[in-house]
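Between the sequences and the hints, there should be enough to build the whole structure, so can you do that?
Number of protein chains: 2
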Amino acid sequence: MLESVLTHLQAHKQTHIEELKQFLRIPSVSALAQHVPDMARCAEWVAASLREAGLEHVDIMPTDGGHPVVYADWLHAPGKPTVLVYGHYDVQPADPLELWETPPFDPVIKDNKLYARGSTDDKGQVLLYIKVVEAFLKTAGSLPVNVKFCIEGEEEIASKHLPAFIEKHQERLQADTIVLSDTQMQSLGKPALMYGLRGLAGFEITVDGANSDLHSGLFGGAVQNPIHALTKLLSSFHDEEGRVAVKGFYDRVLALSDKERESFKQVAPDENKVRTDLQVSGLYGEQGYSFYEQTTSRPTLEITSVSGGFQGEGIKPIIPNRASAKIACRLVAAQQPEEIMDAVEAHIHAQSFPGVTIQLDRQLYGNPFITPIDEPVMVAAAEAYEATFGEWPVYTRSGGSIPIIEVLGRVLNAPVVLMGFGVPGENLHAPNEHFHLENWDNGTATIARYWDKLSAISFGEKV
Amino acid sequence: MLESVLTHLQAHKQTHIEELKQFLRIPSVSALAQHVPDMARCAEWVAASLREAGLEHVDIMPTDGGHPVVYADWLHAPGKPTVLVYGHYDVQPADPLELWETPPFDPVIKDNKLYARGSTDDKGQVLLYIKVVEAFLKTAGSLPVNVKFCIEGEEEIASKHLPAFIEKHQERLQADTIVLSDTQMQSLGKPALMYGLRGLAGFEITVDGANSDLHSGLFGGAVQNPIHALTKLLSSFHDEEGRVAVKGFYDRVLALSDKERESFKQVAPDENKVRTDLQVSGLYGEQGYSFYEQTTSRPTLEITSVSGGFQGEGIKPIIPNRASAKIACRLVAAQQPEEIMDAVEAHIHAQSFPGVTIQLDRQLYGNPFITPIDEPVMVAAAEAYEATFGEWPVYTRSGGSIPIIEVLGRVLNAPVVLMGFGVPGENLHAPNEHFHLENWDNGTATIARYWDKLSAISFGEKV
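From first to last, the protein sequence lines stand for chains G and U.
1 is the number of the first residue of the first sequence in UniProt numbering; add one for each residue after it.
1 is the number of the first residue of the second sequence in UniProt numbering; add one for each residue after it.
Read the hints as simulated data drawn from the structure, not as lab findings.
Among these hints, one or two may not hold up.
Copies of the same chain look alike in the list, so a pair counts if it fits in one copy or across any two.
As the list claims (entries may be wrong) - Keeping only pairs whose Cα atoms sit at most 30 Å apart, straight-line, the calculated BS3-like set for lysine-lysine is:
hint : residue 1 : residue 2
1    : Lys110    : Lys190
2    : Lys21     : Lys168
3    : Lys247    : Lys316
4    : Lys21     : Lys138
5    : Lys273    : Lys113
6    : Lys160    : Lys316
7    : Lys113    : Lys316
8    : Lys247    : Lys232
9    : Lys273    : Lys247
10   : Lys273    : Lys316
11   : Lys232    : Lys113
12   : Lys232    : Lys316
13   : Lys113    : Lys21
14   : Lys160    : Lys265
15   : Lys273    : Lys232
16   : Lys265    : Lys190
17   : Lys13     : Lys110
Note that the structure is a prediction, hence the values are computed from the model and not measured.
Pasting the structure below:
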């Protein structure tokens with residue numbers, strides 16, 4: 001079955017690329033109101049493509065106030081696992097236009113690379129999945145697994161309405177595993193499985209003193225200065241070794257296995273190069289961990305801004321009546337944002353700052369995400385990559401946060417596989433975005449092989 | 001001699017007040033370019049008044065780019081001390097005009113108070129001295145001391161050009177003591193001698209990290225955050241008891257005598273009232289000192305502003321590449337601004353902040369000022385007050401800074417007496433500024449008595 005699928009995909013490659021060009025011609029910029037009609041047109045296009053491929057129950061489902069989600073499924077593999085394909089049909093704005101060498105919504109192939117906004121992020125990678133379904137259904141008349149598609153239109157605007165959508169349509173979206181292709185390989189020819197992302201906890205701390213700014217001559221030395229209290233507080237958040245000094249902060253952090261640490265050595269950047277690129281005299285962080293480990297697998301508490309007193313030129317000698325700071329924690333599994341903010345609040349209350357009041361305002365949430373690399377779905381994905389690329393994928397983690405991935409995995413209670421076919425340097429979010437077309441072939445082949453391998457996995461009953 | 005002087009002053013009071021009104025009609029606002037001609041006219045008016053009083057060598061002396069100084073002298077008391085009268089003929093802008101009950105430059109007497117901009121600050125108090133000279137010369141034909149006048153035109157704009165002027169004309173201004181009336185009594189009928197002012201050392205600290213802001217997800221935890229280093233540094237400036245923790249900071253601070261501490265009890269504000277007025281849960285400062293002592297007689301290091309990271313709404317999760325703070329130290333005798341800034345710089349360099357660079361930029365200077373209360377000139381001033389008001393003056397110090405007073409005393413190497421005839425609530429720098437006319441009589445009488453008493457003091461040779 002698999003061989004004829006791969007042959008079919010090869011044989012129809014040109015047609016498929018032409019279809020991808022159609023998809024890319026629709027300027028589906030979710031951030032801009034002027035493109036609302038294009039968004040609707042693009043959802044229609046995806047729906048038609050899914051229908052064409054042989055998927056059923058194709059449905060353009062509204063979100064509560066946002067752009068719609070395109071759903072479809074094929075559920076005729078009884079006893080086989082169900083895989084949910086997540087992707088997005090919206091794209092980043094194309095600005096600055098003058099830096100594009102060819103128009104962003106007029107796809108052009110140069111040197112076997114397809115140039116257009118959305119080519120790698122994420123229309124190219126979404127269409128791979130649709131064409132694999134089509135190939136299976138046109139050649140074998142069936143798929144080795146049950147398949148559902150959930151292609152959203154707000155990924156580039158932080159998936160604003162998707163968490164509520166997922167909660168609401170939990171039953172329809174139910175799957176044994178989730179797969180998405182919206183990340184990158186290590187380099188051309190070198191596949192990667194990104195298996196972890198950090199979460200986020202963001203909050204603001206405000207320190208209030210007297211009812212107005214005070215003359216530093218007439219009151220200085222006898223009234224608590226909110227900046228003094230704030231800097232004392234902020235400096236208490238880390239110990240001398242760069243570790244976060246908030247009690248309980250590390251309680252739920254998953255330790256790195258030897259296997260993970262070993263695999264990081266293949267993907268970690270050269271620390272001297274990082275230092276030189278940033279033009280700093282030295283790197284600085286939690287002792288006992290490499291740069292890569294610190295930035296991907298360890299949690300952090302970073303003060304992202306601080307403000308207090310007169311912000312104009314020169315020195316205005318006052319004691320300001322207010323000072324504030326904003327903090328973003330990056331969290332790793334299985335830390336929970338609310339719990340971390342509770343711990344910070346307890347840390348503040350354990351200290352005494354006479355003469356001022358301190359408030360904490362919780363603002364940003366995002367759970368960390370991880371899929372253990374020895375999960376059967378991860379092993380299957382690695383084998384599919386190896387069969388296609390002749391190379392076992394490297395395991396990577398990112399220090400950034402894509403909260404929607406964790407929501408998907410958590411609400412649907414299913415492991416997530418990030419099967420990226422992007423290549424670093426393809427300018428996603430930037431002018432001259434492009435997609436390496438050799439990864440069109442590699443992508444469809446890997447996905448087809450992945451589904452084939454998935455069909456052999458037993459997921460058991462959901463609890 | 002003194003009796004006939006006082007009688008003369010009483011007899012001519014109405015004429016003198018009319019002259020003061022002329023003086024007040026000139027809108028000599030030093031801060032506004034449109035009033036440059038008025039400034040020149042006002043200097044002429046002062047010169048004419050000095051000449052009229054019988055003073056000699058009346059001279060409108062230019063400053064290097066600023067408003068002129070009016071100089072005059074009478075030096076025919078051989079073997080007697082020379083007193084330099086300092087004052088200013090410029091006034092604050094009158095805005096907001098709509099809050100004045102009568103026009104600011106059209107003097108009006110109501111309830112024995114003279115309303116006009118400059119009436120108490122400082123034209124009224126300057127004219128007292130001129131009329132005392134005139135009374136002596138018209139009645140006795142001589143003064144008990146040698147007198148010099150130095151009436152400047154830039155006090156309300158921080159005496160910008162005066163330090164250079166004083167240095168340049170040091171010989172001409174040379175005196176045994178300096179007197180000025182530009183401060184306030186404790187209350188109506190209760191004279192005060194302000195004998196100390198704090199100095200200033202102002203500087204900015206800048207912490208630089210990487211060559212640009214960094215994504216807190218991709219770099220957070222492995223690169224030194226300039227805000228972290230800055231808050232660590234800033235929080236090291238004070239110990240747990242509110243004392244400045246910079247080595248050597250207190251080395252030159254003059255200890256308070258029991259006499260001073262006792263006298264402060266008469267003038268110190270009620271601390272509960274201060275707390276209630278400021279709406280703070282408690283006052284906070286260096287242990288072992290009262291609010292009044294902390295704010296007038298102890299040095300401070302106050303962070304007046306702090307800034308770093310994204311200052312807009314919401315949390316932008318970055319590691320900023322720069323953070324900075326501004327600091328104003330209030331100093332007390334005999335601390336020196338440069339030395340204090342050296343100590344702060346040494347404090348910074350004694351610590352290690354890997355991955356960032358720290359710079360200190362020195363910006364504000366002002367020496368603290370003090371005239372010991374048992375100096376003969378201070379005792380003479382107190383006796384003159386007592387003879388006029390029937391009450392010994394209270395001794396006050398201010399936590400604020402008027403650097404020019406320290407410059408005068410230091411360059412001329414002469415003790416300074418601040419003989420204030422203003423009354424709290426006279427709205428200096430505010431709408432409806434006024435001067436209590438009973439202090440016209442009290443002022444001239446106290447000054448005449450002061451010069452009489454000064455004539456008995458031996459200053460010896462200048463070194």
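Mind listing which of the numbered hints don't hold for this structure, in increasing order?
2, 7, 9, 11, 14
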